[in-house]
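Q: Got chain D; can you put chain F on it based on the hints?
Number of protein chains: 2
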Amino acid sequence: MSTGLDLAAVRDASPRELRLRMRSGAWRAPTAGLAPGYAQANLVVVPRAIAYDFLVFCQRNPKPCPLIDVTEPGSPEPSLAAPGADLRTDLPRYRVYRQGRLVAEEVEITRYWRDDLVAFLLGCSFTFEAAMQRAGLPVRHIEDGRNVAMYVTALACRPAGALHGPMVVSMRPVPAPDVPRAVLVTSRYPRAHGAPVHVGDPAAIGVRDLSRPDFGDPPRIAPGDVPVFWACGVTPQAVGMAAGVELMITHAPGHMFITDLRDEDLAAG
Amino acid sequence: MSTGLDLAAVRDASPRELRLRMRSGAWRAPTAGLAPGYAQANLVVVPRAIAYDFLVFCQRNPKPCPLIDVTEPGSPEPSLAAPGADLRTDLPRYRVYRQGRLVAEEVEITRYWRDDLVAFLLGCSFTFEAAMQRAGLPVRHIEDGRNVAMYVTALACRPAGALHGPMVVSMRPVPAPDVPRAVLVTSRYPRAHGAPVHVGDPAAIGVRDLSRPDFGDPPRIAPGDVPVFWACGVTPQAVGMAAGVELMITHAPGHMFITDLRDEDLAAG
Chain D
1 MSTGLDLAAV RDASPRELRL RMRSGAWRAP TAGLAPGYAQ ANLVVVPRAI
51 AYDFLVFCQR NPKPCPLIDV TEPGSPEPSL AAPGADLRTD LPRYRVYRQG
101 RLVAEEVEIT RYWRDDLVAF LLGCSFTFEA AMQRAGLPVR HIEDGRNVAM
151 YVTALACRPA GALHGPMVVS MRPVPAPDVP RAVLVTSRYP RAHGAPVHVG
201 DPAAIGVRDL SRPDFGDPPR IAPGDVPVFW ACGVTPQAVG MAAGVELMIT
251 HAPGHMFITD LRDEDLAAG
Chain F
1 MSTGLDLAAV RDASPRELRL RMRSGAWRAP TAGLAPGYAQ ANLVVVPRAI
51 AYDFLVFCQR NPKPCPLIDV TEPGSPEPSL AAPGADLRTD LPRYRVYRQG
101 RLVAEEVEIT RYWRDDLVAF LLGCSFTFEA AMQRAGLPVR HIEDGRNVAM
151 YVTALACRPA GALHGPMVVS MRPVPAPDVP RAVLVTSRYP RAHGAPVHVG
201 DPAAIGVRDL SRPDFGDPPR IAPGDVPVFW ACGVTPQAVG MAAGVELMIT
251 HAPGHMFITD LRDEDLAAG
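Protein chains in written order, with my numbering: chain D, 1 to 269; chain F, 1 to 269.
If we strip away everything but chain D, and leave its shape as in the complex, we get (with noise of 0.2 angstroms):
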């Protein structure tokens, strides 16, 4: 079974057509360079018990928290994001977490779907690295094949409800000429992160090491880099879990949810 080494022969497959290979298993690999030009999300499913309090979080926190999609209770179906598609089944892997700690990885969801489960699609960084990429702008990450590096920062959410939590952010490093360039790029997409919350100096936002993240990889900085801080997309899975929700299911890192959306679909206007 392939675990994702054909890239090179899906890469430009339509979104509905690669969902459907996760859904028969047929993909299972990391959705980094799939359907160029589609915006790939993050998804987070909770009970309707906590699924008010986060849609609040969410619009109190929109830079690591943009919301491009809500399924109504009980459907596994993101009806504006991708019609037709089955989140339950249509990503390549997923996390299981109860009260908060992981206790599962799994390929398909089937078995813990329920009646009362809400399922969230958020904007994801992919969208705005295309841009850099297509604007000129180096992304170190993906020229060396690694993950972005992440950080838990000493930046506090808006809380809501029983929701709180720090902000997580990604670092790129992003030669010094080129930040304006990168902030103006990036801001073009505030349902994919936007433009960043913090240029240069890591220890004001409490970040004391940059070379040891606390999710993803170590970054390579070159010489006149300036780390550049975007909100990320593993806050709100990091809040869940602070709360320690009954049951909660995410994607697992790197395997996201791709939507029918182009990108530009989660551009300003």
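There may be inaccurate statements among the hints.
Stated by the list, open to error - Only some residues are given here: those of chain F computed to face chain D with a beta carbon under 10 angstroms:
#: 1; residue: Tyr52
#: 2; residue: Lys63
#: 3; residue: Leu67
Think of the hints as simulated: they come from the structure by calculation, not from any bench.
In this text, all values refer to a predicted model and were calculated from it rather than measured experimentally.
Note that beta-carbon positions come from the ideal geometry of N, C-alpha and C, so glycine has one too.
A: Relative to the frame of chain D, chain F by itself:
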């Protein structure tokens, strides 16, 4: 008691000072032109029982329903948009609906307040109209001291739970050569309705007669003007009325809530 004739004397007061004048009953007039540079907001108050559906509705329809703050249930304080303010007293005039029908117009709503009420603040067209004026674009209804013309369209909002209905739009006549600039300038403010939803032919969105708006005043359309349509904050009120929500309280038309947020806080980024 003043009903607003002393606009010149108070227009440059701070948002907080203006809210205190409203709290004391010293200002009960429309808020257009007050506190230039600060964002004004639509108010919608509903019981917690329907607030989840309302939140999802706003998420699915961000152009007509650009949410800028949500209170904790029972709290009248918009802690993000105006810490310390009291939404029960700090607007000049309110409308009260029961089962979807207008039952009262009030200058404060303390006696209606309940522990289960949730208040939503939504961005308002004043923010992008100010930007249009700064860009040298004519805004005909402001020039004429009238209300903007608003129309119920054939465009369906995306439903959410019990809530559904048509999109309401406002129309501003724009000289044809200025249409691109009007799109660009207003697109900068996605949390104040953003770019237009339609340009040109009214019939294409189900508007039969521009001279007979559903709300507001008939427009003045100069020779060479093109009708340009923006999503309108009346939409969520209309949807709440259509759903026959048990209790809904809104601002009275033109009598908005003045926030501490700058217009620029509603810009994309």
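Q: Does each hint fit the structure? Answer for all of them.
A: Going through the hints against the structure:
For F:Tyr52, the shortest C-beta to C-beta distance to chain D is roughly 5 angstroms, which falls under 10 angstroms, so the interface hint holds. Nearest Cβ of chain D to the Cβ of F:Lys63: about 9 angstroms, under the 10 angstroms cut. The hint holds. A hinted interface residue such as F:Leu67 counts as satisfied when its beta carbon comes closer than 10 angstroms to some beta carbon of chain D; here the least separation is about 5 angstroms, so the hint holds.
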